[in-house]
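Student: Below are the chains, spelled out letter by letter.
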Amino acid sequence: SQQGEEDPQALSIQEGENATMNCSYKTSINNLQWYRQNSGRGLVHLILIRSNEREKHSGRLRVTLDTSKKSSSLLITASRAADTASYFCATQNYGGATNKLIFGTGTLLAVQP
Amino acid sequence: EAQVTQNPRYLITVTGKKLTVTCSQNMNHEYMSWYRQDPGLGLRQIYYSMNVEVTDKGDVPEGYKVSRKEKRNFPLILESPSPNQTSLYFCASSFYRTEAEAFFGQGTRLTVV
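Going line by line, the protein sequences match chains A and B.
Each residue of the first sequence is one higher than the one before, starting from 1052 at the first, in the working numbering.
Each residue of the second sequence is one higher than the one before, starting from 9 at the first, in the working numbering.
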């Protein structure tokens, strides 16, 4: 089952600009994670935010979480051509006995040099 | 180097010919899972394993089998592949605990003709 959707589906910006991607989810969560996928390759973990956190930073990444709206955003500042990739949010809920990650549909980011 | 290794990377096969995609991790992770990625659908979990000899169905298990005889290996078996199983497959592993970051293999692009 898909947890939710990401918005926009695709985003094209110039190098140096900021990129913002949004993720919405449907059920209660314990944490939300963001992953990056370079074309056709494996996903790489970027950042995790807990359900009791509202904002988190890691280098040029800033993630926010609004559990009342069931939404999260990923901001990449001062983007570079190397940031071109697909970005996925994934949620975890420990209600079951698994580490299951439920992924969104992804945002394809293209950074033009 | 910590990694998840999948083989093969690319595979073209014919309908009904049994195949196995291997997955191995060197991080002593308890939790392993298989996902398939299809355009517009994001990643969907096929099967997962919480430890040796413990496996369970994910969201799209039909047509697939798995086994977990050793902690490091988690092969995906397609007993009788069909064209609707043409997809990009990912193996992932993590520690079985809260807030666990998942590590992904490089993917296996399977085409069933």
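Worth flagging that the hints you see were computed from the coordinates, not collected in a lab.
Just so you know, these numbers come straight off a predicted model, no measurement behind them.
Even for Gly, the Cβ is constructed at its ideal location relative to N, Cα and C.
Mixed in with the good hints, there may be bad ones.
Said to hold, decoys possible - With the C-beta cut set under 8 Å, the calculated list includes, among others, these residues of chain A facing chain B:
| no. | residue |
| --- | --- |
| 1 | 1061 |
| 2 | 1062 |
| 3 | 1064 |
| 4 | 1082 |
| 5 | 1091 |
| 6 | 1092 |
| 7 | 1093 |
| 8 | 1096 |
| 9 | 1099 |
| 10 | 1103 |
| 11 | 1139 |
| 12 | 1150 |
| 13 | 1151 |
| 14 | 1154 |
| 15 | 1155 |
| 16 | 1156 |
Student: Can you list which hints this structure breaks, lowest number first?
Tutor: 1, 2, 3, 10
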